[in-house]
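For the sequence shown, counting from 1, position 332 maps to 332 in full-length UniProt numbering; every step adds exactly one.
Note that these hints are calculated values from the structure, not bench results.
What you are looking at is a predicted structure, and each value in this text was computed from that prediction instead of being measured.
Be careful, since some hints might not be right.
[To be verified] Pairs of lysine-lysine, DSS-like flavour, derived with a Cα cap of 30 Å: (1) K294 / K331; (2) K78 / K261; (3) K313 / K61; (4) K61 / K123; (5) K294 / K78; (6) K113 / K330; (7) K318 / K247.
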Amino acid sequence: MGACCSTEVKYKGRRNEEDDLEGKEEEGQQEEVTTTGHAGAIVRCQGSSSYTSMYTRKGKKGINQDAMIVWENFLGEKNVFFCAVFDGHGPSGHQVARHVCHTLPYKLSTVCKENDVAVGADKDWEASIIRAFEESDEDLILEESLDSYCSGTTAVTVIKQDEHLIISNLGDSRVILCTRDNENQLIPIQLTVDLKPSIPSEAERILKCGGRVFAMDEESNVPRVWMPDRDCPGLAMARAFGDFCLKDHGVIAIPQVSYRKLTSKDEFVVLATDGVWDVLTNNEVIRIVASVKKQSMAAKILVYYAVQAWRTKYPGSKVDDCAVVCLFLKKRPLLTRSLSDMSKNVASQLDGADSNLISKDRKTEEGETVINCDITVDPKALDELNRVKAFTKSSRLGSLNRRKTSKDFGRTEVN
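Sequences are here, hints too, so could you generate the full structure?
Written as structure tokens, this is what we have:
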């Protein structure tokens, strides 16, 4: 049925991230992990391919509860991709995320084959996707080794064939598309809605089913879902796999399904868990991904930026798990223009508080390149990059000052 992946890779010191990560791969520490899925699909749970980059990193909350997967040649058809990320929660959230990561693409592939679904017929796809999601949710009840009563997982999935893109969303992970406007500038388009109980229609459904929605005093801006007669579990999303203590009270496993026809202006798609979106804007995400030297490193570099943003924006909070899948829509051309002309050392600002993250002999990165060589730089793009640089630089300066008093600071974090 394939495999999913939720791992952590640590790097020590402060060297150029992409060079360091490439070296790790050459040493065999980041091997490609592929298996064969339904109808001969190639199942990838880490690493990269010609069109994909994927990476996950454990936060500071315990075991990594995020998972991710890519099926190439999905449905047995060449150049059809299935991509997904999952964000588990609750005591057994990591197990639920991994289980659904295994079963969902297999079930979806099976259902689509049974129904002879045609790519592009979004209504047929919607029915098949909803059925696969519901069956995967029902399987959790039958899985005796899993405690999914107060544990569950979100999911966002993307199926791509030619110019057709089908997106499914369950929970508060997110999918964005990087495209170009009429002036050839990179812009993000959010393809999913964060399905949280703060959305009136979601809250209305939960309340009608007897559930409760309210925020705790210590986090007054985060509405959560509670059982009718008990102050638990406090779910931060309105839809999820598992969480059967709330399934009779408005939390559902029916995804929102949407369809988009791609154009020549579209560059890449990013799927990520909320560990990324809680600290980086959609604009920041596309700028980071577009500026990497190698597409294969895109997901890893994006996660690094997210980790640094957590430490800068929320120094008193625990860094969340992060999982990212980047799906590139074009083969990359010969790159001739460098973003270093606009913002030198942006990636080098990742020199932050965790010495396990970046290697010691790190050098200034001079060669960041964009996804296409014909990008035109305007003041808005420059402001965006400088904003990313600003919040990473503040973390770097604080780290340098503290190293004077503690050489082990790299392993210290306020939790």
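To see whether the hints hold, each was checked on the structure:
Restraint check for K294 and K331: the C-alpha separation of about 12 Å stays at or below 30 Å, so the hint holds. Annotation: proposed proximity of K78 to K261 holds, straight-line Cα distance about 19 Å (limit 30 Å). For the hint pairing K313 with K61, the CA-to-CA distance comes to about 17 Å; that is within 30 Å, so the pair holds. Restraint check for K61 and K123: the C-alpha separation of about 40 Å exceeds 30 Å, so the hint is violated.
Between the alpha carbons of K294 and K78 the distance comes to roughly 24 Å, so the proposed pair stays at or under 30 Å and holds. In summary, the hint linking K113 to K330 is supported, as the alpha carbons are separated by about 27 Å, within the 30 Å threshold. Only pairs whose Cα atoms come within 30 Å are accepted, and K318 paired with K247 is accepted, the gap being roughly 29 Å.
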